[in-house]
Structures are given as C-alpha cells and as structure tokens.
Amino acid sequence: MTGPTRLGIAPTGSRSRLHHRTGHLTVRVMNQDADGARVGLIATQALLLSGDDVRIEVDVAPGAWLDVVEATGTVAYEGDTPSSWTVDATVGDGAILTWAGKPFVVSDEIATHRGTRIRLHGTGRALMQEKIVLGRAGQLGGDLSMSLEASDDTGPLQVECLDLGQEARQMPGVLGNLRSMDTVTAWGWTPEPTGEPEAGTTGPGETYFPLDRSGAALRWMGIGRFRDQLCDATFAAWHEEAMRDYRLRHATQHLRHARGETRPAAHAVADMAGRPHGRYRWHSPTDRREGAVTPSAS
Amino acid sequence: MDTTSSLLLALLGDARLPSGGHTQSAGLEPALRAGTSSAQVPPYLRVRLRTVTRVEAGAAVVARAVAADGGDLAEVEAAWAARTPSQALRANGRRLGRGYLRVLQTLWPGPVDTSARTWSRPVVLGLLAHRAGMNAVDLARLVGYDDVQTVTAALLKLEPQDPLLIAAWVKDLLPDIDEMAAQVAHLHTTEQIPAQGAPLIERWAETHDTITERLFSA
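First to last, the sequence lines map onto chains S and U.
At the far end of the first sequence sits residue 345, using the working numbering, and the numbering has no gaps.
At the far end of the second sequence sits residue 220, using the working numbering, and the numbering has no gaps.
With the rest of the complex left out, here is chain S:
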C-alpha cells in the first residue's frame, strides 16, 4: 500500500523551505522564492487504478504561498475495488494555497470517491479548480461520490457531499443528462465573477454562488467536453487577485518590520477571529496617514 503524498512549505529569510514525501504522486518545483513555491504534481505510477487510495496532505505554513498544478488529468480506471483521491490541506494565517486541477475522468465500471478537506487559519486563503468528467469517450461513466469540507477558525465555510452515482445523478435536479462539471472555489475571501455567468434556464451553463460567510464558487455543468469559457478565466483572475493581495500584504509587513513596528493588537485579534468577506485592509491606520502602501482587497 502506498502512503500519502505530503507537501509542506514554510517561508525562510532567503529560500522557502519545501518538504515533500513521494506517494502515488511526486512534486516538481517550477518556481520558488523566499515565501513559497509553484509546484507540479506528477504521478509516479499509473493512476488511478481500482483499489488505489491516493492521499495528498498539504501544509502551507503561516505567511507562505503555494501554487499546486496537476501536471496531467487523471483517469479513474475500471475495476471491482473502489478507488479514491483525497486532498487534505491546512493553510496558515496570512498564507495562500491555490490548486489548479486537471480533468478527473470516471471510467465505466468503477466506484470512485473524491474528498477535499481545507482548513484555513487566521487570514489564510485557498483557491481550487476541480474538473470532473463522467465517462471516457463513448462511455457514460461509473459511480462518483464527492465530499468537501472547508472551514476556518470561526467554523464551517462550505460542506458539500455529492452522490453522482449512475442512478442518482440522472434523476431530475442532480445532473440530469449532463456529464461534466467544472468548479472554481475560493475560501477566505469572496471574489466576484470575472464575466457574466450565462444565466440560462436549462441545464448547461455557469452559476456563481457567493457562500454565506467567506468564499465563492463558480460552477459550470455541461454535456461532454469542457466548453466553458468562464471557469478557467475565473481561476486565473481569482488567482491573480489573491496573489496580488498576498504580495501587498507582505510588502506592507516588510515595511513595518523594517521600521521596527509591530502589528497593532486589535488587528491581530481580528485576524484570529477571521475577518468577513474579504474587504480587507492589510495596513494599520498609521500606514494610511503616512501614505504607505494601502492595498484594499476586493
């Protein structure tokens, strides 16, 4: 049995410390600086076979950034024993995790599960894109179940279980005759959609879902191949927005460190409580008066 793939990143003074453990997947560094890295996830063996339980554990230390890019799509191949793909990520205060998923294709004659667990701390943020396709060419696809649990220090942000088994998904209101789903989800702030989601009255199309507290999802559903225009563009825009905010925050903190200031206690308390809805200002009132960098994330 193959153990979990582990991936952790922590900022240092010069080059961030990246540690990983190879499991079903291994890590290739594409880009790295003092605070974080962009890494590719590469399969070390044929994936995803019947009976495979791929586990990926990610730890983004406070103040770090991590971009995860899946190098290739994944096919869940047929077989008698169920397979699974689970991601369990912790994102520290002031840190950001982004995850660009590639299509996950569910073959006929397999029961497979995708699980995602995201824990944010303080002002940590996460962004994920998840693409699923039911059936390879000429197939209708096997049974897929999905579970998602995202939380921050205050409590749950989003909890969702989807039963996309062959019988369940064809029922009215689940997926009907649709076979593909592309979901971009942000947690820790509530970005706006970049384009105008096509409202439409029937099945295929995109929908923007602002979450109750802090987060937003854009979900496209369709027939067959990915024809959505909005999800990839939205992932790119939200990624850019999150990284811009992250960089500005760091610049502000470095300025403050350089001046020997410490963060005001009130801000530290607000961070611990998890601030609502992403209309953050990373600077202190002192910064504003002095005309320092005054980012206002939105």
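To be clear, the hints were calculated from the coordinates, so they are not data collected in a lab.
Predicted model only: the values in this text are computed from it and were never measured.
Just so you know, even glycine gets a beta-carbon here, dropped at the ideal spot from N, CA and C.
Misleading hints may appear alongside valid ones.
Claimed, not checked - These stretches of chain S come out as covered by chain U in the derived footprint (C-beta under 8 Å, 3 or more residues):
no.	region
1	102-111
2	205-212
3	217-226
Put chain U on the given structure of chain S with help from the hints.
Okay, now just chain U, sitting in the frame of chain S:
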C-alpha cells in the same frame, strides 16, 4: 406526548397554517422551466428527500437538540448555511424562518434570541419543536412532508391536472419521507447534519431568483 405530537404534526403540516408556505414551489417552478416534465415530479421529490430536504430536516433535528441543551442556535444556522451554497435558497430559507418565528411567538410565546430573525426555517422549526414538545422524528417528517406537499400544490397551479392523481403521488412518497426522517432523527451535533447537494436544483434556484415573471418566490 406522542398523541400531542401527532396532532402537532397535523397542525404544522397543514397548508392553512399562515406561515408563508403559499409563496413556495420548493424549486418546482424553475425545474419545470428547465424542461422537467410533470411526470418527473415524483423522482424530483425523491431527489429532494435525499438531498436539500434531508439537509433541512437534519438541521431542524439538530436545532431541536441544541435548543433542548440550551446551546447556541447560531452554530446550527452557520452549519445549515455552509451546506446551502445557493444564496437564493439561503435568503428564501431565512424569509421562511421569519414566518415560522411569528407562528412560534404567537402560538408558543417565550423568550427568543435577538438574532432569531436572521435564522432559517429549519433552525426556527427546531426551536419550535423543542418548545412545543414535538419529537425529533415527527419534526423530520414535518420537513419532508411539507416539502412534498409544497411541490405538488405548486404543480397544480403551474400545470393544472387531476388533484387526486397528485394526492396519490404524495401517498406513495410517505414511506420515502419516513425513511428520510428515520435517517436524521437521531442527529445531535452540527457536524452530523447531512450535506447532500443537488447541483441542478441549486443552479435553477439561482436562475429563478433573477426572473421577474414568476408565480412562486422559490
């Protein structure tokens, strides 16, 4: 207690109770607009009982347990909201919550939390069930039965047909309601609340919210 609870179920499950239910189609209006046929209504109802209605029933049962223990109902509200990705459905659930809050405060008066006006229907129903002495399984049945009757009553307005045929559908779904209720009646904590989603129901709810020409608000 059991006799009281079964009459309570009749009272609270009655469409004549002025709680605001007449504005609802439980997603049927946008489902029909999206091409669902009226023959597909029974499977549509089964989907709801397995997904969104189960979440609502589970949240109500947990709210009842939390109210009985003197716990914080805002945590149940947060758990329900985290399981309800559609903003339109959250807003609708909270509008209905205010309707049931009036029922609660008039029929079973007593102190309520100042934030109760922001709570959704399942949370207010849980508090109501606790105060009125309704047991957990009847509370879950109430949520399931109300959903089924809401859809079928809306169908008669949207696509008029033989009401007895529709009543027969409801009768055939009673075991499904009981089964759902049995699955959630034992729940006690917010983490245990089911989280089953229905992607198209959620998409249709958002689409419906932007439409001005509609008979039902959700």
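To see whether the hints hold, each was checked on the structure:
{"no.": "1", "hint": "102-111", "result": "violated (count 0)"}
{"no.": "2", "hint": "205-212", "result": "holds (count 6)"}
{"no.": "3", "hint": "217-226", "result": "holds (count 7)"}
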